[in-house]
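K.L.:
The primary structure of each chain is shown beneath.
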Amino acid sequence: MDNSFSSADLEFQQEVRAFFESEFTDELRERVQSSSDVKGTAVEWQKKLHAKGWIAPDWPAEVGGTGWTPVQKFIFDAERCAAGAPDVVPFGLKMVAPVIFTFGNDEQKQKFLPKILNSDDWWCQGYSEPGAGSDLAALQTKAELAGDDYVVNGAKIWTTYAQYADWIFCLVRTGQFEKRQQGISFLLIDMKSEGITVNPIHTIDNHHSLNEVVFDNVRVPVSNRVGNENQGWTYAKALLAHERTSIAGVADSRRWLQEIIELAKSQTNAQGSLIDDPTFQNRLSDIEIELMALEYMDLRVLASLSSGETPGPEASLLKIKGTEIQQALQELRMQTIGAYAGTLKAAQYQNDLHARGYESRRAYMYGRAATIYGGSNEVQRNVIAKAVLGL
Amino acid sequence: MNFEYSEEQNLLKESIVRWAQDNYSFDQRRVGMSNDNGFNRAHWQTFAELGWLSVPFSEENGGYGGSVIDLAAVMEEFGKALVVEPVFANIVLFGGLLERSSYQDKAALLAKVIDGSFMGAVAMYEPHARFDTSNVLTSATQSGDGYVINGYKSMVLGGAHADKVIVLARTSGEQTDELGLSLFLADAQTSGFSAERYALMDGQQVADITFDNVSGELICELGSAFEILQATMQVAQIALAAEAVGIMGKLNATTVEYTKTRKQFGVTISSFQALQHRMVDTFMAYEQTRSLLVGALCELTDKNVDGQQAKKITHALSALVAKNGKLIGDEAIQMHGGMGLTDELDVGHYVKRLMMINLMFGDAAFFQTKFNQTAYAG
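If you're matching them up, the sequences are chains A and B in order. Residue numbering for the first sequence follows my numbering, beginning at 552 and increasing consecutively. Residue numbering for the second sequence follows my numbering, beginning at 2 and increasing consecutively.
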């Protein structure tokens, strides 16, 4: 047993750290935190990453990826979080691109991949429907063949950033079979198509990131179908493995924990600072001890990936523990900040606690989604029960 | 980066698995515990012959020269097999402290520990001090060339059949001072030494020992026992965590298998989602504890990790073992239903050992407080 990085990996770590120091400027950081111009900020930052050649760590080198090892990806992600830099918007780079470069034809690869790498196209994901959440295979959005087009009718929901999107990738029903997972196809749909309506969904974090996307006789060329008809479910499932290397969110949680400790040191009363309060210490260490264990759980999975194993149901374990810890930290951060955590608008900033409070409230409220999306934690428990415990 | 046991460590583990399969069924274990010693002395000789008692000791002292990782590998298997023979008391505590001491005949005495012919114990706790090793009233005063010990020690693990005992006694300072504590080696046959022997719920043989002018030999620098005691306790915490991880894995596996065979309402109870999710939670608790154990093993053998960080992760591990041990133990009994309460089933016996691991040197709250002091003070 040995937890150390190789000297090559340590060198790489230095290179990544230096990059974030010089390129992720204070000005960018401020814009990210205030979330005033979500799309503009993300695109500007992603173009910097692309210029460096680091925009697509999860892609194979031959299609424009970095060709990094699992350990290098881990290091990159840890340094990114330590610098407070945001992850790339995942829908194009991490979600649809792997399906296109794995199952798409050459024409599709040439058409879509360069624009994804260059952040010229903004993508969103059309999976969930009003009647199909955890039970995704219940989806009803229909695509019927009419000449060279499919005609799509139905609705997708919880579509993050659909209001900015140029394209949406959808699972649609193209056939009726006994097994519901059959008869689903994977379509790429231009958001400018006639018949698409985007209805905003305002969430409890007082922001607009989610939407409902309604399709009313939307015509989609058959050439926009990835892979074979009725086999879309298989492609969608295969891509899940791509987004699971940093699923535990360890580096983000570590940063929040440090922030809470710093905040607690600055909050004082006659007995000393909050960090000296035994009750507070216990609440903090309840989480930190779990986080330390999660760090090594994550590293153990990483080491098994490095030795060539494919990620299995342990990803579910990382997702459950990772999101539970994130939510516990988001809650403690708000409570450490106190009433300032209620700060609603960036314009109300008077002091540092307003800014921190604003951010902590948003993170907490939107953070409720983490145990719901990507397969709710209850569904993840079903996965472990079946795949690991054989129940 | 690598978080698996080495090939050599796996061989060591397999040798224990094979031995236990042939010699240590639950019924065989029970028979072995029914004599006056409370364990099977013949097994102890086998452990010595197979080299298991030599694992943590340096080669210059006749040991295997193993690291804390080797020790954990062995302890995990002893946990799975629910071995009641006093490996922890003799090898980890007594042997560990002896090896760190300045006792002049150290190598000779360790040789006897390793060959199984000698049993030792460490007398450190006192009834008023709970888990605090610096709260010591037992005193040692100089008399001629040696020292005379007076006082009372409680819960001395392995004290029921020890040939010699290492005694933690105060040679200066106030009752709770960390400085002023010294270690003495005392013979159990010597006059003034009287031991009240009894067994704990996990089958461990302990003694409360009265020292009435017992002569002892000083085996550390005067007044400096606390540091080497702490170093020994750090390894002890890891060893117990490894044993606990072995037990947790075994309890989870037993429980999952049981629910697959137990039928109620016409179906196996493993088909109920209410139970499935709870078994997932105990599985995650196990994986979490194993991960932190692996992390502690890596960090404690890493030259770049400082003492403070080593303490931090060790206390985190002990706290997590206590928390998750309770969850896994409680759930194992609950999901076995009435059978979980029977003495005939091994489940309750594993749970009792797990409980004692989390009561002997500190409970969840104790180690969490230690963690807090290490992580957030100053």
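Keep in mind that a hint or two might mislead.
Partial list, computed: chain A residues near chain B (C-beta under 8 angstroms) [as the list claims (entries may be wrong)]:
(1) 614
(2) 687
(3) 747
(4) 771
(5) 836
(6) 838
(7) 854
(8) 856
(9) 878
(10) 879
EDC-like mimics (lysine to aspartate or glutamate), calculated; alpha carbons at most 16 angstroms apart, straight line [unchecked claim]:
(11) A:937 - B:100
(12) A:599 - A:613
(13) B:304 - A:638
(14) B:107 - B:282
(15) A:937 - B:188
(16) A:598 - A:672
(17) A:590 - A:638
(18) A:896 - A:553
(19) B:107 - B:188
Just so you know, the hints here were simulated from the structure itself, not pulled from any lab data. No experiment lies behind these values; they were computed from the predicted model shown. Built from N, CA and C at the ideal position, the CB exists for glycine as well.
K.L.:
Give a verdict on every hint.
P.N.:
Each hint tested on the structure:
For residue 614 (chain A), the interface hint is violated, the least distance from its beta-carbon to any beta-carbon of chain B being 27 angstroms, above 8 angstroms. For residue 687 (chain A), the interface hint is violated, the least distance from its beta-carbon to any beta-carbon of chain B being 19 angstroms, above 8 angstroms. At about 38 angstroms, the closest approach between the beta carbon of residue 747 (chain A) and any beta carbon in chain B exceeds 8 angstroms, and the interface hint on this residue is violated. Interface hint status for residue 771 (chain A): violated, as the beta-carbon distance to the closest one in chain B is roughly 39 angstroms, over 8 angstroms.
Among the interface hints, the one on residue 836 (chain A) holds; its C-beta lies about 5 angstroms from the nearest C-beta in chain B, closer than the 8 angstroms criterion. About 11 angstroms separates the beta-carbon of residue 838 (chain A) from the nearest beta-carbon of chain B, more than 8 angstroms, and the hint is not met. At a threshold of 8 angstroms, the smallest CB-CB gap from residue 854 (chain A) to chain B is about 5 angstroms, leaving the interface hint in force. The restraint placing residue 856 (chain A) at the interface with chain B is violated, with a minimum CB-CB distance near 11 angstroms, outside the 8 angstroms limit.
Given hint, residue 878 (chain A) at the interface with chain B, is violated; its Cβ is 16 angstroms from that chain's nearest Cβ, farther than 8 angstroms. A distance limit of 8 angstroms between C-beta atoms decides the matter here; for residue 879 (chain A) the minimum to chain B is near 14 angstroms, and the interface restraint is violated. Note on residue 937 (chain A) and residue 100 (chain B): the hinted pairing is violated, with a Cα-Cα distance of about 49 angstroms set against a maximum of 16 angstroms. The suggested pairing of residue 599 (chain A) with residue 613 (chain A) is violated, with an alpha-carbon distance near 21 angstroms, which exceeds 16 angstroms.
A C-alpha spacing of about 34 angstroms is found between residue 304 (chain B) and residue 638 (chain A), which places the hinted pair above 16 angstroms, so the restraint is violated. Among the hinted pairs, residue 107 (chain B) with residue 282 (chain B) is inconsistent with the structure: their alpha-carbon atoms are about 47 angstroms apart, more than 16 angstroms. Of the supplied pair hints, the one linking residue 937 (chain A) and residue 188 (chain B) is violated, its CA atoms being roughly 57 angstroms apart against a limit of 16 angstroms. Between the alpha carbons of residue 598 (chain A) and residue 672 (chain A) the distance comes to roughly 12 angstroms, so the proposed pair stays at or under 16 angstroms and holds.
Under the criterion of a C-alpha separation no larger than 16 angstroms, the hint pairing residue 590 (chain A) with residue 638 (chain A) is consistent with the structure, at around 13 angstroms. The suggested pairing of residue 896 (chain A) with residue 553 (chain A) is violated, with an alpha-carbon distance near 48 angstroms, which exceeds 16 angstroms. Between residue 107 (chain B) and residue 188 (chain B) the alpha-carbon distance is near 15 angstroms, which keeps this suggested pair within the 16 angstroms criterion.
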